[in-house]
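For what it's worth, this note's numbering labels the leading residue of the sequence shown as 37, then goes sequentially.
One should not assume that every hint holds.
To be verified - In silico EDC-like cross-links for lysine to aspartate or glutamate, where the CA-CA straight-line distance does not exceed 16 Å: (1) Lys70 <-> Asp86; (2) Lys70 <-> Glu59; (3) Lys70 <-> Glu115; (4) Lys70 <-> Glu101; (5) Lys70 <-> Asp108.
To be verified - Here are the in silico distance ranges between beta carbons for each label pair: (6) Asp46 <-> Gly94: 31 to 41 Å; (7) Arg54 <-> Ala110: 32 to 42 Å; (8) Arg54 <-> Ala107: 33 to 43 Å.
Treat the hints as calculated values from the structure; they're not laboratory data. These numbers were taken from a predicted model, which means no experiment stands behind them. Backbone N, C-alpha and C fix where the C-beta goes; we use that ideal spot for every residue, glycine too.
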Amino acid sequence: MDDETMVAPDLFYPGFYRLGGFEGIGLTGGATPKFLHNTGSQFSTTHMSDVYQAVGAGGRLRVAEAAASDADLAKWVAEL
């Protein structure tokens, strides 16, 4: 995502980059269960995954490059 997009009125979030972008914002809630799907190949989740692993919560983070189906999401919620 480029700087011009990040300052668009409907997406502007002051401090976005200081928090570490999307990964940093995703970590502000701690190692709570998260299912990130439809990330594609351009959305980095490496740092978030590393942090979850470091605190012993690797199983609480699920990342899928493709969009998850409703059944996939329901299964994930049922396993919490």
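**Request:** Take the C-alpha atoms of Lys70 and Glu59, compute the straight-line distance between them, and say whether it is at most 16 Å.
**Result:** 12 Å, holds
**Asked** Taking the beta carbons of Arg54 and Ala107, is their distance inside 33 to 43 Å?
**Response** Holds - the Cβ-Cβ distance for Arg54 and Ala107, about 38 Å, lies within 33 to 43 Å.
**Prompt:** Taking only the CA atoms, is the gap from Lys70 to Glu101 under or equal to 16 Å?
**Reply:** Since the Cα atoms of Lys70 and Glu101 sit roughly 14 Å apart, the hinted pair holds (cutoff 16 Å).
**Message:** Lys70 and Asp108 were given as a pair; does the straight-line alpha-carbon distance stay at or below 16 Å?
**Reply:** 13 Å, holds
**Item:** 16 Å limit on alpha-carbon distance, applied to hinted pair Lys70 and Glu115
**Value:** 12 Å, holds
**Prompt:** If you draw a straight line from the CA of Lys70 to the CA of Asp86, is it 16 Å or shorter?
**Reply:** Distance of about 14 Å is within 16 Å: holds.
**Request:** Can you let me know if the beta-carbon spacing of Asp46 and Gly94 is within 31 to 41 Å?
**Result:** The hinted range 31 to 41 Å holds for Asp46 and Gly94, with Cβ atoms some 34 Å apart.
**Message:** Please check whether Arg54 and Ala110 have a Cβ separation lying inside 32 to 42 Å.
**Reply:** 36 Å Cβ-Cβ, so the 32 to 42 Å window holds.
Of the hints listed earlier, there is not a single one the structure fails to meet.
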